[in-house]
Amino acid sequence: RTAIGSSRATRARSWVARWCGLVRVATEIPLIRIGDTTLEKIRVCKAELAGYLRTGDRVCLFAFGHLLRKQIIIGVKSQTGPSWTMGFGRFVVTLITYLTLWPFLVGLAGALIGGLVPLIIGSDTLSTIGFGLGIAYGVGISLLSAVRLAIAYSQMRAG
Numbered sequence: 438r439t440a441i442g443s444s445r446a447t448r449a450r451s452w453v454a455r456w457c458g459l460v461r462v463a464t465e466i467p468l469i470r471i472g473d474t475t476l477e478k479i480r481v482c483k484a485e486l487a488g489y490l491r492t493g494d495r496v497c498l499f500a501f502g503h504l505l506r507k508q509i510i511i512g513v514k515s516q517t518g519p520s521w522t523m524g525f526g527r528f529v530v531t532l533i534t535y536l537t538l539w540p541f542l543v544g545l546a547g548a549l550i551g552g553l554v555p556l557i558i559g560s561d562t563l564s565t566i567g568f569g570l571g572i573a574y575g576v577g578i579s580l581l582s583a584v585r586l587a588i589a590y591s592q593m594r595a596g
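Just so you know, we're using my numbering here: the sequence shown kicks off at 438 and counts up by one.
These aren't lab readings, by the way, just hints derived from the structure by calculation.
Do not take every clue at face value.
Cβ pair distances, simulated, as ranges [as the list claims (entries may be wrong)]:
(1) L556 x D473: 18 to 26 Å
(2) L556 x T475: 40 to 48 Å
(3) A573 x Q516: 16 to 24 Å
(4) D473 x G559: 50 to 58 Å
Bear in mind the structure is a predicted one, so any value in this text is a computation, not a measurement.
Cβ coordinates follow ideal geometry from the N, Cα and C atoms, glycine included.
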């Protein structure tokens, strides 16, 4: 009986390791300086990009703005060394996320903030307007991020 239990535990750990291995954890680089351009607090997937960002190398970074706040690198093309670009499958999954999940989450947060603040102040009319504007902002900013991702990805593939 112990052997069966440990076998199940081993299979469960193996299954978890396989699926957890697919999760990409983004890390934040405090500063990247390329010529006269300085990028601050840019996000990258460390496991994929660490080997492609070398001091002194001439590279072209492709990035897009996530909800207008953070820049996320989706490709590194090196003049002399190896290059990396976001795969098509990951691009499609990210784009679908920006078209479905992000509008819901950011729209919900915008609606709550836009509707509750005027309601606390005591204005039902402003609460309704704030609710609508919060939803519009959340959906709009998410769709804009999807468009910016698609443009950056197509530019990366073209050049």
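Results of checking the hints against the structure:
1. As the Cβ distance of L556 to D473 is approximately 48 Å, the hint placing it in 18 to 26 Å is violated.
2. Range check, L556 to T475: Cβ separation about 42 Å, and the 40 to 48 Å hint holds.
3. The hint said 16 to 24 Å for the Cβ distance between A573 and Q516, and at roughly 43 Å that hint is violated.
4. Judged by the Cβ atoms, the range 50 to 58 Å given for D473 and G559 holds: they are separated by roughly 51 Å.
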